[in-house]
Amino acid sequence: MTRENAKLNRRAFLAGTALFLSGTAAQAQMKVADLRGSIDSVDLGLIPNAADDQTAQFQNAVNRAVERGRALFLPAGTYPVANLRLPSGTLIVGVPGRTRLVYQGGGGQLIRAEGVNNIGLNGITFDGANRSIGDFTEGLLHFIGVRNVTLDNCEIAGSSKTGLVLDRCSGRVDNCRISGAAEAGLRSNEATGLAITGNTVSDCANGGIWVHRWREGEDGTIVSGNRVERIGARYGGTGQFGNGINVFRAHGVMISNNRVADCAFSAIRSNTGSNVQIIGNSCLRSGEVAIYSEFGFQGAVISNNIVDGGTTGISIANFMDGGRMAVCSGNLVRNISEDGPYPPEVDGFGMGIVAEADTTLTGNVIEGAPKFGMLLGWGPYLRNIAASQNVIRDCGTGIAVTVVDGAGSAIITNNIVQGSKSGAINGFRWMEKATGELNNTSGYPNLTVSGNQIAA
Numbered sequence: 003m004t005r006e007n008a009k010l011n012r013r014a015f016l017a018g019t020a021l022f023l024s025g026t027a028a029q030a031q032m033k034v035a036d037l038r039g040s041i042d043s044v045d046l047g048l049i050p051n052a053a054d055d056q057t058a059q060f061q062n063a064v065n066r067a068v069e070r071g072r073a074l075f076l077p078a079g080t081y082p083v084a085n086l087r088l089p090s091g092t093l094i095v096g097v098p099g100r101t102r103l104v105y106q107g108g109g110g111q112l113i114r115a116e117g118v119n120n121i122g123l124n125g126i127t128f129d130g131a132n133r134s135i136g137d138f139t140e141g142l143l144h145f146i147g148v149r150n151v152t153l154d155n156c157e158i159a160g161s162s163k164t165g166l167v168l169d170r171c172s173g174r175v176d177n178c179r180i181s182g183a184a185e186a187g188l189r190s191n192e193a194t195g196l197a198i199t200g201n202t203v204s205d206c207a208n209g210g211i212w213v214h215r216w217r218e219g220e221d222g223t224i225v226s227g228n229r230v231e232r233i234g235a236r237y238g239g240t241g242q243f244g245n246g247i248n249v250f251r252a253h254g255v256m257i258s259n260n261r262v263a264d265c266a267f268s269a270i271r272s273n274t275g276s277n278v279q280i281i282g283n284s285c286l287r288s289g290e291v292a293i294y295s296e297f298g299f300q301g302a303v304i305s306n307n308i309v310d311g312g313t314t315g316i317s318i319a320n321f322m323d324g325g326r327m328a329v330c331s332g333n334l335v336r337n338i339s340e341d342g343p344y345p346p347e348v349d350g351f352g353m354g355i356v357a358e359a360d361t362t363l364t365g366n367v368i369e370g371a372p373k374f375g376m377l378l379g380w381g382p383y384l385r386n387i388a389a390s391q392n393v394i395r396d397c398g399t400g401i402a403v404t405v406v407d408g409a410g411s412a413i414i415t416n417n418i419v420q421g422s423k424s425g426a427i428n429g430f431r432w433m434e435k436a437t438g439e440l441n442n443t444s445g446y447p448n449l450t451v452s453g454n455q456i457a458a
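Going by our numbering, the final residue of the sequence shown carries number 458, and the count climbs one at a time with no gaps.
Derived from the structure by calculation, the hints contain no laboratory data.
Since we're looking at a predicted model, the values are computed, not measured.
Where a beta carbon is used, it is the ideal one built from N, C-alpha and C, also for glycine.
Careful, some of the hints might be misleading.
[Unchecked claim] Derived EDC-like pairs (lysine to aspartate or glutamate); straight-line CA-CA distance at most 20 Å:
hint	residue 1	residue 2
1	423	341
2	435	396
3	435	347
4	423	323
5	423	369
6	423	434
7	423	439
8	423	396
9	435	340
10	423	340
11	435	407
12	435	349
[Said to hold, decoys possible] Derived CB-CB ranges, DEER-like:
hint	residue 1	residue 2	range
13	106	300	43 to 53 Å
14	365	136	49 to 59 Å
15	448	365	20 to 30 Å
16	254	448	27 to 37 Å
Let the hints inform the model, and build the full structure from the sequences given.
Put into structure tokens, the structure is as follows:
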């Protein structure tokens, strides 16, 4: 592409595509004004579709634009680059789907920013070309300690590690497409005010969206409106990998209105995530537990989700490790399987909803769980469970509750249980059925079972 053609493309871009940048006319006008004051990268010697490596020219263009307090506009085309460093105030705008930065390999990375502020990337494709990334980093794009980083309408593809890594960052990742990462699509560590919204993350080998912390603590990341699909578990294990959205040691995370499908393990998995909210998500064809709140969490709200497929629908587990306190309400769970991704351990697979401590289970609908519709407690690990006004159909045992010595209290009231093949409401010692039907009278002082409707 000649420099003259690149300038013409820029003018056409400014005239015809400003509205894609934001949702309101006022915002669009502001952004058009910003772009009209931008610097065209062609004017700084950066030529689209050049055959040779353009790293030096690209870095110079970024630095000059920042020095002048301007946005840098990249015309459509391919730019072969590597190891770019973004200073504070970087704003780079491309043509969505047509401005492409292709990583040149060599054991480095594509982009890095560290200890800076106000980074904006808009309408750019970052192509890792599956080339080797250096041992000093875990991602094709790596932001460290950046205050207010924004990626909007970008694409990240073909990373030989994680696609996008955000360590101790604030800002947002909106409307981006991340695919083909050899590890996770997006990983955040110890966020300082991050929103991950409206993105598509697909075909990644070990994870979709990870919200992690090195040390347990408040995080507050918002993960909403994303589409996460076809996530593998290349590293194997029993749930560390293969999850669509994974929270680890991060408290106060909000996970809402996401569509998560075809993950090797969980659609949504929160490990030691206190005060997590998992609300209004669609979780389809999970290879293991669809929604998991596990280990040392205190506080989880799991409500209004659709679970279709999985080896267990929802598990609120690990009271022995301090996992407790949850609200599980208004969920629809169906089409559960006993066939898991590894040999069954402990209580195995095939359950609708599982809970152990300080939890209410209300208004859920469960259909087609071959082992248990609900499992309340495990061995002596049961305390303060209230299961009420749930509808449970066509399960093995409708509701199973532990009656092992030392188990705490549970209330099972006003549920409808229909079509259970092995019993409607039964007591269990571990996996062994220990009672006949429990309804209106349980024979156990720690259990209240009343007002349930049992139908064939």
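Verification of the hints:
no.	hint	in the structure
1	423 <-> 341	holds, 19 Å
2	435 <-> 396	holds, 18 Å
3	435 <-> 347	holds, 18 Å
4	423 <-> 323	violated, 33 Å
5	423 <-> 369	holds, 12 Å
6	423 <-> 434	holds, 16 Å
7	423 <-> 439	holds, 13 Å
8	423 <-> 396	holds, 7 Å
9	435 <-> 340	holds, 18 Å
10	423 <-> 340	holds, 15 Å
11	435 <-> 407	holds, 14 Å
12	435 <-> 349	holds, 13 Å
13	106 <-> 300: 43 to 53 Å	holds, 48 Å
14	365 <-> 136: 49 to 59 Å	holds, 51 Å
15	448 <-> 365: 20 to 30 Å	holds, 24 Å
16	254 <-> 448: 27 to 37 Å	holds, 33 Å
Consistency note: the structure conflicts with earlier hint 4 alone.
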